[in-house]
Amino acid sequence: MTVAEKQLRTPRRPEPGTSVPVIAGAESFGTLTEQITSVVLTRPTPLFWYCTFGVAMAALIMFVISVTYLLYRGVGVFGIEVPVAWAFAITNFVWWIGIGHAGTLISAILLLLNQGWRNSINRFAEAMTIFAVMCAGLFPLIHLGRPWIFYWLLPYPNTMHVQPQFRSPLVWDVFAVSTYATVSLLFWYLGMIPDLASLRDRSRNRLAYGFYGVLSLGWRGASRHWRFHETASILLAGLATPLVLSVHTVVSFDFTIAILPGWHSTIFPPYFVAGAIYSGFAMVLILAIPIRKVYHLENLVTERHLNNCAKLMLATGLILAYTYAIEPFTSWYSGDTFEMAVVHYRAVGPHSWTFWLTLTCNVFIPQLLWFRKFRTDPKRLFFVSFVILYGMWVERYMIIITSLHRDFLPSAWSNFIASPWDVSVLVGSIGLFVVCFLLFVRFLPMISMFEMRELLPFSRPGGGMEK
Amino acid sequence: MKTDSANNFVSLAALTHGERGKRYWRSLEELSCSPEYQECLHTEFPENATEFLDEVSRRRFLQLAAASLGLAGLTGCTRQPPEHILPYVNPPENVIPGRPLFFATAVPVAGVAEGVLVESHLGRPTKVEGNPEHPASLGATSVHSQASVLDLYDPDRAKEISRLGVWQSAEDFQIALRESIAPLQSGGGDRFRILTDTVTSPTLGDQIQAVLSMFPGAKWHQYDGAGPHSARAGALMAFGRPVHTYYRFDKADVVLALDSDFLACGEGATRFAHDFANRRAGGDRSDMNRLYSVESSMTSTGGKGDHRLPLTYSEVELFARDLCAAVGVPGVTASGSPIHPEWITAISHDLIGHRGAGVVIPGSHHSPAVHAMCHAMNAVLGNVGRTVTHTDPLEVQSIDQIASLRELVTDMESGNVDVLLIMGGNPVYNAPADFDFRSHLHKVKTTIRVGLHSDETATECHWQVPETHFLEDWGDTRAFDGTVTILQPLILPLYDSTPYLRLLDSIVKPPGRSSYAIVRAYWQINAGSGNFEQWWRKSVHDGLIAGSALPSITPPLKTHWAGELASPPQQGIELVFRPDPYLYDGRYANNTWLQELPQPMTKLTWDNAVHLSPVTARQLKVGNQERVELNCRGRTVEASVWISPGQPENSATIHLGWGRSHSGRAGTGAGFDAYRLRTSDALWCGSGLQIRKIDKNYPLATTQLQQSMEGRDLILSATAAEYKNNPNFASQASKQPATELTLYPQWNYTGYAWGMSIDLTRCVNCNACVVACQAENNIPVVGKEQVLARRAMHWLRIDTYYEGDPANPRAFYQPVPCMQCEDAPCELVCPVQATNHSSEGLNDMVYNRCVGTRYCSNNCPYKVRRFNFLLFQDWVTEQTKLQRNPDVTVRSRGVMEKCTYCVQRIRETDIQSRVEDRFIRDGEVQTACQQACPTQAIIFGDINNHDNHVAKLKALNLNYALLAELNTRPRTTYLAELRNPNPELKSNS
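Residue numbers (the working numbering), protein chains in the order written: chain A, 1 to 467; chain B, 1 to 989.
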């Protein structure tokens, strides 16, 4: 890259009175496409990629070993017990699913709302969703006592003439998550087809040509193709939009349908959805910030993008703060012994550290996002996002553990102690996610080229010649 | 099978040749008993194979032993003398596979037995039930009776005769025995000793006497670690002769338990609890009895009491003395400064006011002085002959066991013993530490040990001879009132064992008759007039010899008996030794059911602990589960601390029977050996205990971490007076929502509707129901580590809650089985329909459908569901498979399980009733917990039939549901607890 090009690409603070451009610096169709496809086809893989891949691969191997041992020995290798029969596995499930919601929000909802700035982040955000849902989907399988018959939760015609029990939220989960996975996958793949075609057209060896050629399904870029593509995108966006709200609502029903105090609460659906978007955006930022630095994408994923994501995080974080405040109030207002006990033990019991850590990470520290410097400076924003992501995991853990370990009968009370396998499976799942994401970054177009092109002035009617 | 030439089996062909029609033969033995065949058989299954020495072949040996069970019929070739065992319900001709038979026998614990009926599935005993006609049982069982069947199948039992670790055949042993004993005859046998534990069996006593008459100079010693030392000494002090005492609690209006856990532990506990509960909760509860408990540890009886006073061991003695004076026992003067004068006044008034209807019962482990004082008080209060019965001692020969053992040790030390025959007991482990039994044992030329396990004593002896378990052989024993039961076997001996009777008989009349012959011979002489065969059949069938209860005697108090009362020493912290409620003196250490059974008050498993009061612990600066060194007059042992509410200050309690070194895979290393601190001069209480903290923690596995009710209305309790004023206090406290408050239509239960009522006034926290449930339902044992990880698998648990001052709290017991909620939260959330509701109201658990999401466990507010996190069941040990109940699925890993109201019993009775074209009668189906319960606290039945016992109980105004406000509509409900405190005594009520 020449100095001039670099100068062109460095984002600058906007002058007062003007809006921040979505793409910093002057770009053309060619430079845009070149910038993105070169990551896959021409530029050497950066050292950062190899190092991160190595670490993530190690974690993935640990995951494989842990899950193998788990399947061999039994779900008792985790620290679960009676009464705390759910712990890390369900926490991880809810956490991963929640993370995925930001991707769908960016891809679908922001598309329908015509927010152009989402175009540079939606591809890898949606990829993040796919991989997050994949990681999430593993946990309901491995946390089963007998995972090899997981398919009994599916309503398939069988010789036993038994169907799943449809009043159970776990069955709803099956539908919600599988719908979510399917729609997300379709949406992501469909959106990638024009870009895969670009890669095919620019590929330099037969292997790449064949690979991208098969994947792009014969896309020619004809206007007929584009018309169908646009309609399909809008349709899928329309399908995916309610999923952003419904999937995590259904996941929250895992808790609300139970009678446990602390779980049986109507605030959970909006609480969880807000939390999902919160953690999802945190993950988007955690992925976006290093990627844009390493691959020099600061002109495409600009400060404005970081700023917008941070604002969404702040907003959902405030919803969460409201929930953290309203829950104790509702419990106190109810006068119910068991409800008040849960609130009490959350604040001062043996697992109260989870509660206070949650508040710190999800409410107190994210208030820094009120300050512009924390919203636009990549390093600071990365720190806050990381804290939020960690805090969201602790929040799910807190919800599960604090309600289970001390419920109705004191004789059943207990404390929960995680086992090393709990931790290794969690870390391993993060490894799996990162490996998949890095492979995506390496081999697939990580930014939606055709949508970015739409943002250029040339693609507007009039060719951008107006003032 | 050796395939010789056809010659050997030509006889077979000859037999079948010329037969017309179908002639089936099940086995070759039916077809031929030719000598050649027998020869072949003998070499095929040789008795004296020397290759059964190394590990692999031992397993083969076991397989052969099991095979020999199945092929038992083959021994019909050589005709054995017939031994007819008599089933209780059905005659032998009606053996139907799948239908169990019940045989009456008894479970002896340290010589005192409880009559039981043992359920036998195709020749294998699997479950023990009470014998409704036996006075010690009346249909119920203790924890030891329930767990005894597991002892039969203990894989660590001694299986073969060995000498210094080398396998020997039975013939070798017989030869060696004769060779070592023969030379003693010339000296009259004065270098021959027999050491047994407490012998109450008439036949065994007779056999020993026969041996002693052959060797007049020989001596017979008896020693039991937790034997009746104090009771005997106390009786000697009071009456001048040994006397056995038992009590009639059904006639007692006032009971004072002086450090006695009579409701849950000790001989006759089952019957005592039964009688006590009937007196307490029988009728309309307007005339309840009253229980005062003055004790030096927290026990279930103490928690049941209307008043409880924690005193140290020596203080209890002083208290007894003051009470004697207050009650008017002549010759006893009160101490100058009485402890708790208001207690003395109140209790003495109550006892005097109920002359002839009171009981003062001493703890079996307390000092002889307290025993003597209780005898005196009962005599003065006129209780003897009414609520207190004296009889001759149960033992065949009642001796001072400590003195006897001391004499033996002295003889051994001076080298006066050439042959020592040890039958039962475990003196190396539980002899007083100052006797140093082990080292003196080595001075004996030949030691022979006959016992169930290769334990501490067996490994120090030259000869180890396996003993038969009581379920494997004939014998007899006595119950707490003297009733004799003839023990009949339910299974052929599993291993190469030698019963005591035959071994002794082989000394007197070689080669020794079978136990059957010996027992029959004894009773032929002693049965009295009449047809012996008829008498024998009836006695064996009934499980007791009618009229064999010892007649009551009224020995007069010795004059000046009180002069022998010495002032108890008090110095520093005292250490109280108590026999473990479950392991007793340590003999049950390898019984995994008893190891995992939570102790009644502390809910500890797999370990004992040194119990300290909160105040004492703080003073010593030790915390819960911290490892300490106990130093009792120079002898030390390590232990872990458990802070026990209700433990008196300056007193530590530790249970005996733990810390064993040779007790099989479960017992070895579990807990701490208190016997090391126990000396013969301080058998039950040592003073001057020093506790020093060691820098390590020792986690103790308890099944209940939280023992406070946290202000929740879990156990409703009131005094009798409060109940009289407000009979509806229970229904008022219950927050059951209205029936209309649900979206779903109510299900109409026509037909049977199973329900259960648990009377909290009756439950005494003996935990027999928990073991019964474990035995009946094939519930696995998970081990200490898994209990620490909160994964114990007991379907039924007894919650023990404390309330009030930790120094002396009130205790409440609540058995919690599955509530079988009509509106079950678990059924709602199972994704695969693995738990459903039956039309009879049961919450059914379908094991093979369960995928193990555990949502049902999370949603159960009572937390009664148990999950197989790992493979807890023992798939491998052969003996365990024999014990399992074939009517109940054995669950593998990943599957949820819970109490099923013993659905297998319901179905069995249902089928039987349909076959007979009638309805199930009230009380015909008894759940395992109900059947085992001594106090009949658990009643089960069809609530649709309003005449049924359970329906009537549920109609009482004491009836309430646990956590009723959750609208689960449980089928298991409770009857609120009533206590009857003395209005004169304003403390701890």
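Please note that the accuracy of each hint is not assured.
[Said to hold, decoys possible] Distance condition first, Cα-Cα at most 25 Å in a straight line; then the derived SDA-like pairs of lysine to any residue:
no.: 1; chain 1: B; residue 1: Lys881; chain 2: A; residue 2: Gly74
no.: 2; chain 1: B; residue 1: Lys621; chain 2: A; residue 2: Pro350
no.: 3; chain 1: B; residue 1: Lys696; chain 2: A; residue 2: Leu41
no.: 4; chain 1: B; residue 1: Lys735; chain 2: A; residue 2: Pro328
no.: 5; chain 1: B; residue 1: Lys696; chain 2: A; residue 2: Lys311
no.: 6; chain 1: B; residue 1: Lys784; chain 2: A; residue 2: Pro420
no.: 7; chain 1: A; residue 1: Lys373; chain 2: A; residue 2: Ala321
no.: 8; chain 1: A; residue 1: Lys311; chain 2: A; residue 2: Ile365
no.: 9; chain 1: B; residue 1: Lys696; chain 2: A; residue 2: Pro350
no.: 10; chain 1: B; residue 1: Lys784; chain 2: A; residue 2: Gly79
no.: 11; chain 1: B; residue 1: Lys735; chain 2: A; residue 2: Ser28
no.: 12; chain 1: B; residue 1: Lys735; chain 2: A; residue 2: Thr337
no.: 13; chain 1: B; residue 1: Lys952; chain 2: B; residue 2: Ser661
no.: 14; chain 1: B; residue 1: Lys986; chain 2: B; residue 2: Leu177
no.: 15; chain 1: A; residue 1: Lys293; chain 2: A; residue 2: Ser28
no.: 16; chain 1: B; residue 1: Lys881; chain 2: A; residue 2: Arg146
no.: 17; chain 1: A; residue 1: Lys293; chain 2: A; residue 2: Pro46
no.: 18; chain 1: B; residue 1: Lys735; chain 2: A; residue 2: Thr256
no.: 19; chain 1: B; residue 1: Lys735; chain 2: A; residue 2: Met340
no.: 20; chain 1: B; residue 1: Lys784; chain 2: A; residue 2: Leu185
no.: 21; chain 1: B; residue 1: Lys735; chain 2: A; residue 2: Gly74
No lab work stands behind these hints, which were simulated from the structure alone.
* **Hints that the structure is at odds with (numbers, increasing)** => Those not satisfied are hints 3, 5, 11, 13, 14, 20 and 21.
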